Every structure is written in structure tokens, then in C-alpha cells.
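K.L.:
Residues per chain, in single letters:
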Amino acid sequence: MSARTRGVTRAERRLARRLRARDPKALHDLHDELGAAVFGFLRHALRDSWAAEDVAQQVFLEVWQRGGEYDPGRASPLTWVMTIARSRAIDHLRRRVPEPRDPAGAADAASHSELDELLERWRLAALIGRLPEQEADVLRRRFYDGRSQVEIAADTGVPLGTVKSRMVSGLATLREALSGEEGSA
Amino acid sequence: MSDQLLTRLEALGPDEWHPEPPPPLRLPPAPRRRRALVLRPLPALATALVLLALGAGGALVATSGDGPRGRAITLAPLVRGAGAEARLQLAGGGRRATLVASGLRPSRRGEFYELWLLRPDAELVALGSFRVGADGRARIQVPLPVSPSEYRFVDVSVEPDDGDPAHSTRSVLRGRVD
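Chains P and D supply the protein sequences, listed in that same order. In this text, residue positions in the first sequence follow numbering that gives the first Met the number 0: the first is 0, and each later residue adds one. In this text, residue positions in the second sequence follow numbering that gives the first Met the number 0: the first is 0, and each later residue adds one.
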């Protein structure tokens, strides 16, 4: 992570203050916002739902224990938490081959570049999760279901102009969030 | 940037578009406040006498019956903060052992736990399998076909019920055989 500061939002400063004050609700809020992305990333990285549950718990325990160190000037909460998740995933992959058999072999099985690619997908998924549901729904129909804007308007009964404006707004929010995230990564 | 974003959106799969809810958050319990220890001469003397008597009684029990109890191996979770623990008590001159575990996740359908001995240059030895109920506890007694002192680790893994006798690599607890 670079030492340069990034644009910090008021919400991020407030979160940092609450984590420093060891406010349990701050952790619950963070879990509500990022828990699905952390769990999804870990399920794919570890290919084991059971282990993913344990490691996800470990990630948020570490967030709780290291909350006082969180500096929003260096990373967004999403980047910070996902970086912890990546580290714990690597730890788990190294450890899960029964010792004392080759402990390095497992980490190689899921290469670091594969993990980074997964991490990027789940960071984007987390950002989509923050969008207003109507905007996220239009993006989901367009980019996952492969529907055109005209078809989305027909499927949902929403006027075409509204579909277009929701898509423009959703994409603009994602671009802005990504540029902020990538500035902090 | 915009094309990159569209490409990234198109590359997302069903799981990213419809994420599964995460497991509930479990925070560690808040640390208990310590009470200051105040030593008062008379109660302290009485307590010391009681403890002395209990100690003597305990020593009699420990050395009676089948002889001294065998040593125990403590198993700790491989995932920090997982909260499970276990103890393997050796008995019968190292011919049998009892595993007492707590804090384990209740067994799911199609899965069970397995107790192993591990060593670098040898096959793993499966000692026995067990399931865990809703209370997260287990107590099993297993015969020991080999001497644990010839192995480096005692290991508990989660095994899928797929007929494959090999270790699943999903270890949850491990203890060193010193």
C-alpha cells in the first residue's frame, strides 16, 4: 500500500473513529457491508465453504483487533478488509495440507495472480452491492442476463428513459468508486 | 476506463451478482474484569489446608487402579480464533486413547470428523471417526495400533463421506506429540 493519502469520505473517518473506540456496532456495520464479498472471495479462493466460514470469521476478528490501526488516508475499508482476507486465504492454503507433508504445495495450487483476480471480482461485487437496488438490478439484467435496455424496459415495465438513466448513474457511481479504490490499493 | 469497467462487469459470474449471505458475525466475549486478590491470613490458612487435603486425596486417586494415567496431548485449532479445542488422553500403556473435544462445528450431512497420527516420512494413520452434535462436543475412545511417540502430530480433520480413505486436507485441530 502506498503512503500517499487518498480522498477520505466523512463516513470513512467516522468508521475509523468508531473502530478505534472499539465500538462493536462499527464491526457489525462493516460485516453487513462487506461480509458477503469477503465470504464469496474466500469460498472461491479456498474452494471449501466450511473453511471459508472459519477464515471469514478470522478476518473480521482481525479487523476488530486491529481496528485502531485502520487509516482511511491509506486505504478504503473495502481495500483494507479485502487485503486482510487475501492474507488469511494464503495462510490457510499454506496450512491446510497436513503437515509435515510439503507445506508450500497448497499455496501454489491457487496462485497469487488467481487470488488477485478473484479479489478484484469481489471488490467490484461489493461496490455493486452498495448501489441503490434499482440501479444494481438494471446492471445485473444488462451485464449478467445479457438483456438490452429496451428488453429491460419491457421486462420490468420501467420506462426506457428511466432504465437508461439508472444504468448511467450506476456505471458513474462504480467508476467513481473504482477510481477511489484503485487509488488506495 | 469505461470499457474496462464494462468488460469487468460482463466477466462477473452468478455468485458475484447474487452473493450468498455471509455467516453471522461472532465477536469474542469481552474480557472479564479481574478481581483484586486480597490475602487474609485466617481464610488463606484454611484454604491451604483444604487444598493440601485435596491434593493428597488426588494423588491417591491418580496412582490407584490401573496405574498412573498416561500423558495427554493438547490439540489447538488451525484457524486462529476458531474456538475449538481438544485433548487426547493416552491410557493402557499407550494402547488406547480418549479424545475429548469441544467447540467443534456440528457435523453436517455427508461429513464426519477423523482423528489421525501424522509423520513426515510415513503414511498417515487414521485412528477413528466421529460426529459432533449441536453442543459442539465429542468424546471418543480409540485403540492405538501404533505408538504415538513415533509420530509428530495428532490431527483432527473434516472428511467428506465419499469413501476415499485419504486425508481430506481439511484439518481443524492439531497437536504436537512431544
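Hints listed in this document are in silico derivations from the structure and should not be mistaken for laboratory results. Be a bit skeptical, because a hint or two may be false.
As the list claims (entries may be wrong) - Computed far set for chain P versus chain D, every beta-carbon distance over 12 Å:
#  : residue
1  : A10
2  : R12
3  : H27
4  : L60
5  : D90
6  : H91
7  : Q133
8  : V149
9  : E150
10 : L159
11 : L173
To be verified - A short list of chain D residues far from chain P (calculated; beta carbon distances all over 10 Å):
#  : residue
12 : L4
13 : P18
14 : L89
15 : G92
16 : R107
17 : P147
18 : D160
19 : S170
Claimed, not checked - Some chain P residues near chain D, calculated using beta-carbon distances under 10 Å:
#  : residue
20 : V7
21 : L26
22 : H30
23 : D31
24 : G34
25 : V37
26 : D53
27 : V54
28 : R85
29 : S86
30 : R87
31 : D154
32 : P158
33 : L177
34 : G179
Treat the numbers as computed from the prediction; the structure is a model and nothing was measured. Note that CB positions come from ideal geometry on N, CA and C, so glycine has one too.
K.L.:
For each hint given before, does the structure comply? Return the numbers of the non-compliant ones in rising order.
P.N.:
When the structure is compared with the hints, numbers 3, 4, 5, 6, 11, 12, 13, 16, 19, 20, 28, 29, 31, 32, 34 turn out to be violated.
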